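Protein chains in written order, with numbering that gives the first Met the number 0: chain R, 0 to 171; chain Z, 0 to 287.
None of these hints come from the bench; they were simulated from the model.
Among the hints, a few may not be true.
Stated by the list, open to error - Calculated pairs, BS3-like style, for lysine-lysine (alpha carbon to alpha carbon, straight line, at most 25 angstroms):
(1) K94(Z) with K2(R)
(2) K231(Z) with K244(Z)
(3) K128(R) with K38(Z)
As the list claims (entries may be wrong) - Ranges between beta-carbon positions, derived for each pair:
(4) V76(Z) with R48(R): 22 to 28 angstroms
(5) E47(R) with G222(Z): 28 to 34 angstroms
(6) A174(Z) with D70(R): 37 to 43 angstroms
(7) R50(R) with A77(Z): 45 to 51 angstroms
(8) R50(R) with K38(Z): 47 to 53 angstroms
(9) I40(Z) with T130(R): 18 to 24 angstroms
Quick caveat, the model's predicted, so the values are computed rather than measured.
Glycine included, C-beta positions come from ideal geometry on N, C-alpha and C.
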Amino acid sequence: MSKKRISEDLAEHLPYLRRYARALTCGDAADADDLVQETLLKAIRSIERFREGAELRAWLTTIMVNTFRSDKRRARTRRAYLENQAGEEQQSAPRQQDWMEVQTVLRSLDTLPPELREAITLVALEDVKYTDAAQRLGLKLGTFMSRVSRGRAALRRMLEGEPDPSRRVAGE
Amino acid sequence: MSSHGSGREEDDAMARNDVSDVELHAFADRQLSVDEENKVIDFLERHPDRLQLLRGHMDDKRRISEATELDDEPTDVAIDTLADCLGDRLARHEKREKARRWSARTVACVALIAVGWTAHTAYIDGPATRNGALTMASGEATAVPRFLADAAGAHSLFAPDQVHPVEYTADSEPAMRDWFSSLFNTDIAVPHLEGIGFDLMGGRMLATAEGPLAQLLYENGRGDRVSLFFTKQQMDGSSEMKLVKVGKTFASYWQDDEFSYAVVEEAPGADIGVVATQIAELVHNRGS
């Protein structure tokens, strides 16, 4: 693949990575961009592991998920971010309802176990085959499908104002 | 659902639950085959409550997507810089990998030349025929790849030619490479053996009944000429390197996942094997 083609591919993948990072960090743009930076740094450092013919987006997504999983600090900053956001007054009145809805979704996502959040946000951001998505997350297909189902059910309950779902990843 | 009801009740329960939540989500994400989708559609027609719930899940999916939209925000400068750096590294990595593959192939060629000169006694001596049978000294017949006969014939015909031994000269290597790549439908790199004293003279493409067969011709300072042939014809049996005498030529052949190869030579000077062995190590080290 030529340098030009690689640059084009990266330019296409970056917005996706930033969005997925935002989903994982529940909307904290700064934290999400930190996660993307760490992902790119790790990719550069482990370039020898990239196999020719492998899908670049899948490889970078896997690195990002592993980075997210290994960084416990991120969960604390995210909670602080969400609390801060909740206290702020929204400037744009016409978009206030949208903004509220977005914040509700992000806060609900934050209550989900990270494993479920990883799965349901991955399939929300792009039309990806379950087999590919499972591979990116390092899961068996059945486990991934189960997490999608349970994650969505838990999110629905949260949005309908039901009690927090169990944070235990069970039934796999 | 109760699992202790009557047979009728159990049948009804099975009918109610013949599509799991996991399948419903897979349906909504368009992961199912047509038959599987039909099964889910039948189920949803009978269970509008589940359809309503599924609609809610899909709304949530859309909300997640909307909640992470970037709103035309510029990319962080650090991210752009790192992405640019990653692009450079990936391009270099791919070049290195490509060179490494060819280095490995070149090492194999060189090793064959070396082995060929230290293992003459292991050669099977006898004429190759068009049907691929090679008569062993003992009279026992063993199969050799069909393309070897074509390769041996081409080497015998073209290599001694002092006027027009190749169709593409080394000066036309880029054009030759493009032509080979086009016919094999994959990127082809031309191995260089200057390190072991063999210069590329050029090459040609041969048409055989089994498909294209590429020939690259090399010459050393003494005028000894060696041909490397490669083709997509796959051989039966193992990928181990083998040595045979085909007509008046000696051929070493092997295969990998993509190509079958043969190095064909007339009887060159005995010191080439020693030199080739030493240089093979250098080439291998450079490629790793």
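Hints, one by one, checked against the model:
At most 25 angstroms may separate the alpha-carbon atoms for a hinted pair to count; K94(Z) and K2(R) meet this at roughly 10 angstroms. With a C-alpha separation of about 22 angstroms, the suggested pair K231(Z) and K244(Z) falls inside the 25 angstroms cut-off, and the hint holds. A C-alpha spacing of about 20 angstroms is found between K128(R) and K38(Z), which places the hinted pair at or below 25 angstroms, so the restraint holds. The hinted window of 22 to 28 angstroms between V76(Z) and R48(R) holds, with their beta carbons roughly 27 angstroms apart.
Roughly 42 angstroms separates the CB atoms of E47(R) and G222(Z), a value that falls outside the hinted 28 to 34 angstroms. Between A174(Z) and D70(R) the beta carbon distance is about 52 angstroms. The supplied range of 37 to 43 angstroms is therefore violated. At about 27 angstroms, the CB distance of R50(R) to A77(Z) disagrees with the hint of 45 to 51 angstroms. Between R50(R) and K38(Z) the CB atoms are about 37 angstroms apart, so this pair departs from the stated range of 47 to 53 angstroms.
Taking 18 to 24 angstroms as the suggested C-beta distance range, the pair I40(Z) and T130(R) conforms, at roughly 23 angstroms.
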